[in-house]
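Participant: What follows is the residue order along each chain.
Protein chains: 4
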Amino acid sequence: MTKKDFLKDPVKHIDIKSFDSTSIIDSMRDMSFTSRDTAIATDIYTKMIRENDCTIFLTLAGSTSAGGCMQVYTDLIKANMIDVVVATGASIVDMDFFEALGFKHYKGSPDVDDKLLRKFYIDRIYDTYIDEEELQICDHTIKLIADGLAPKAYSSREFIREMGRYLTKHAVKKDSLVQVAFENNVPIFCPAFIDSSAGFGLVKHQWERPGNHLYIDAIKDFLELTKIKMAAPSSGLFIIGGGVPKNFTQDTVICAEIIGKEVPMHKYAIQITVADARDGACSSSTLKEASSWGKVDTVYEQMVYAEATSVLPLIGSYLYHKGDWKKRTAKEWAKMLDA
Amino acid sequence: MTKKDFLKDPVKHIDIKSFDSTSIIDSMRDMSFTSRDTAIATDIYTKMIRENDCTIFLTLAGSTSAGGCMQVYTDLIKANMIDVVVATGASIVDMDFFEALGFKHYKGSPDVDDKLLRKFYIDRIYDTYIDEEELQICDHTIKLIADGLAPKAYSSREFIREMGRYLTKHAVKKDSLVQVAFENNVPIFCPAFIDSSAGFGLVKHQWERPGNHLYIDAIKDFLELTKIKMAAPSSGLFIIGGGVPKNFTQDTVICAEIIGKEVPMHKYAIQITVADARDGACSSSTLKEASSWGKVDTVYEQMVYAEATSVLPLIGSYLYHKGDWKKRTAKEWAKMLDA
Amino acid sequence: MTKKDFLKDPVKHIDIKSFDSTSIIDSMRDMSFTSRDTAIATDIYTKMIRENDCTIFLTLAGSTSAGGCMQVYTDLIKANMIDVVVATGASIVDMDFFEALGFKHYKGSPDVDDKLLRKFYIDRIYDTYIDEEELQICDHTIKLIADGLAPKAYSSREFIREMGRYLTKHAVKKDSLVQVAFENNVPIFCPAFIDSSAGFGLVKHQWERPGNHLYIDAIKDFLELTKIKMAAPSSGLFIIGGGVPKNFTQDTVICAEIIGKEVPMHKYAIQITVADARDGACSSSTLKEASSWGKVDTVYEQMVYAEATSVLPLIGSYLYHKGDWKKRTAKEWAKMLDA
Amino acid sequence: MTKKDFLKDPVKHIDIKSFDSTSIIDSMRDMSFTSRDTAIATDIYTKMIRENDCTIFLTLAGSTSAGGCMQVYTDLIKANMIDVVVATGASIVDMDFFEALGFKHYKGSPDVDDKLLRKFYIDRIYDTYIDEEELQICDHTIKLIADGLAPKAYSSREFIREMGRYLTKHAVKKDSLVQVAFENNVPIFCPAFIDSSAGFGLVKHQWERPGNHLYIDAIKDFLELTKIKMAAPSSGLFIIGGGVPKNFTQDTVICAEIIGKEVPMHKYAIQITVADARDGACSSSTLKEASSWGKVDTVYEQMVYAEATSVLPLIGSYLYHKGDWKKRTAKEWAKMLDA
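Protein chains in written order, with this note's numbering: chain A, 1 to 339; chain B, 1 to 339; chain C, 1 to 339; chain D, 1 to 339.
Taking beta-carbon pairs under 7 Å as the criterion, some of the chain A residues facing chain D (in silico):
# : residue
1 : ASP114
2 : LEU117
3 : PHE200
4 : ALA218
5 : VAL244
6 : SER292
Rather than coming from a laboratory, the hints here were simulated on the basis of the structure.
Where is the CB? At the ideal position from N, CA and C, for every residue including glycine.
Can you make the complete structure from the sequences, with help from the hints?
Facilitator: In structure tokens, the structure reads:
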């Protein structure tokens, strides 16, 4: 076996425009269990879209971008169905920005000898492989971008905006989330930005330039995200996976109150997760539980207990073909934040 | 609130013939995680269909029949893609036979006051309701059928065949699994038949007729099922949920050996489940684990970790529209067993 | 590697008498999540013991007997804390009766090459191994017992009673659940008895003696179990795992009603499981859901979401050392059923 | 119902010194499934302690501190069994620092009306309640500490050190993790520090003092944590829950390489989690998967699939009473970082 034998079948991202799931979701609405939950979640998303004043937050944790859903998120932004992205660093840098640089994820197996993978510098995410040598190019590109910026404090959003700008000139694969969000003035936040390939590049940036380097100030992220919540008349959450992005976005309601402005709870919330509510962890806490914290309203909320790659394409295709997004105006919150 | 308020929105069963999931499954084949597992499982099923000598066993546990997938199984039988059914009693009697008598399952909520449901004699399966008074009519019908039969030992298969015969005359809803299986000579086994609405009717039958009643002999079930395995040149398993039906069907390989005939392991096996392999229970044991027992071969096996209502319609619709079943001959194993 | 290399470290069953978990459970009562649930479940069990009129049903599914908890169940019976056992066939025959014949389970690994195990006739349950050649001796012993019985219909309970009688003469390991239950007149039911090593032996018995063999009549099981429920002034359930044993035992409430005697719901119920409620399957359905069916009361019920080997020893040791069982009278329901 | 009715039974933290789990863990070593995994994990921890050169990282996600395990972590630090803590902000600020200020968590129920809780400003974590008005005092205290510091960039570790210093003067409850870690020179890192009660206080700090405020620089955290990894001859991970803390700590191996120093993989790793490996998320990825990334060695690694409150007390008590820690020298990494 050579390294090439492992890295030969690339993951291809599903195109929600290429098939129409309308009749499937319409059937699922009258079924039970996860199928009905999927349809209800889709219907709540439709409400978010139809309420033009509602700002839609996508929160993203887990590896769905590596696992074939990367284009779904890009298409949702292009179709004006997402206004703000709050994500793990891995989703944005190791997966999306990485592919924008021309690299791929590969189909693998969960039953492989990990020592052999290690020998070949192949990283594994369950059944998916990444070439670590390519990932190091990604780290290095982040460092290059950082080296070119003024040595001050940036929110992760500001830094990711620079990554988007970089891609407009250097992208091998057009149509990445980072670039499309940049072009559509959709801000992307990574509240734990350093916990990613970006972290390696940025540590190296600081290590090489003591006293003359930039910072990533997470407080600024929280303030900027809260400013959007304060400016938005209404809001809804589309939560993939949970984690810090989920909690961070929910918390903007409390944060606004702390700095002196009462805002409504998030009016809509849907979450796709395999997590289990019983251990008190954030990823798995139900949306009803969040309502006790004053974060999320309970009228329009739905948990979908599924691994997201199996249901997200159905939801996305339905929304795309239903076309309610055509009447929706772009929020372009990045403009407000950069002003 | 009245009872009617709870029982107003019936579950409607998804029709895999009415939409075409081909392009979705084709996309999922190049994704990761549950989506790819779903595509691989579909491809293994395709192999089972194309190998004309392969007998296909459907094993059924859980409540997917109540939850909107009842017609999927019927359509698979009609399209000659299932040769034997091994199921929980609930799937066959409380759900399928129940609807054949003209009753329905209803869309409900998991967040309901169960004491209120109890007051109204409404039974709940997660988010789905059943009218218990209607279920008692189902119990009673089973008793009527039993009362009309000779007082001897029956396999569950033989008894269910009588239920099918009953439905050819009395069914309100045509197209039930029990009736369609009867008409297509597809045997249905329930290794724990008494653990269902049938149990109530049959206990009453015995209670009222001491010394003059029938038996359900589970040993006979196992022998009959093993006879099919011995007669089939090759075999494959389509496992929904796990439980006794899964284990019972896998065990026919060992059983054949015990009574003196070496048979090949089940050549193909796919399982859809949400269960967790770590507690050593049968439902959750992986197909690889089954191979250590000599039950299932490991070349063509795939676990799909999903709640079945969300992925089964995609698999079924793909297989239906792909059309490989059109060239497949019916096995009609009931004929051999009844001979 | 030889077969012996795999089968060298036997599983040893934990002895709840040898350590005292009282202070641990007392601390857990004031914690959260699974620890508190464990303490609450223990407290409900204490209530069952203190209410002398309460008949306690143990329902057993999964592989905890193979996994080191076999002696826990035996000790609970000896200490008069269990009056009826309803179990999977595997728990009773493949695990308990098997060890009574002098065989062992062995510590193994979930990350083993199952093809190699197959070669050596070693069966695997997650991380535990069984020698299949020894298991075939177990099958054969069942056949021998059957061959010695009159050719009529038996409940599984009646047959298991004969297995207990056999062990009083032939057991290599005393103190098995089957033997101790026999000696203490605690009935054991296996509603899916044939789905076990017993099934192989009994099929062979029928195969070799056409027209002159016994039956296992599951209807009789249900009737006998319901008779206990009707005779018991009050009842409680200790549910390990779920499955058919759980549902079957819960259903006695309905069954009593069907044959004309109103009985109270099961007053107490505790369940230890890793299963997930969201797929509508029986194993995972919550005890609250069961209350909608009129099976279980909701005042004293507790789900403990844990793999049972990790919490059952703590519960058992606490109950044993607390000593409330010393004042409890034995129910000896087998006497009533055999009368 | 008044607010007091909900907040009357405080969670009490289990004291691993007050009971001895040695014989339980010794028994579990010869069982199967989660019990054996728990014993193996304990044995690996023992190895970490006995290898004096090994630096032990505790990574903490989820709500075990709120759920009764807060004192476990403190006792492990006092007994010199933890050298570095990497945690979610919630564990450190909302739970530990919060209780140090004199507040409590309360025993609640998962089946409560969350709207009623909202009315009373009670926050819920599964079955545990927090008084949100007290939490706001916690937010405010963080702001006070920030207001007293020089307006420059801090790692979360540096800021948490100031919180520890604050508690030496103002703590109501002595013995908090934050204070004990401060006093023992054990550094605490929160890579997503702002995603917590601290975030609210720090946003307010920045909001009120434009141009004259501090930053939390997550890059500095990663660099400091990597410096420990580079200075430690050997290392082991004790992972509770997963999340960003797990990944961040694992990644120090790669980070060291990026800035030019080859370091060994983490030699030991144990993880307690309820998460499911199949969705490719970080929390749930197995330790074997991590080895493909070059982060964790696979010789001494063990996943324990359990909700941590149920097994952590057993592990902690065993290690405490075994006493290997008595011969171990303190690492006091905070001294190196502050030098």
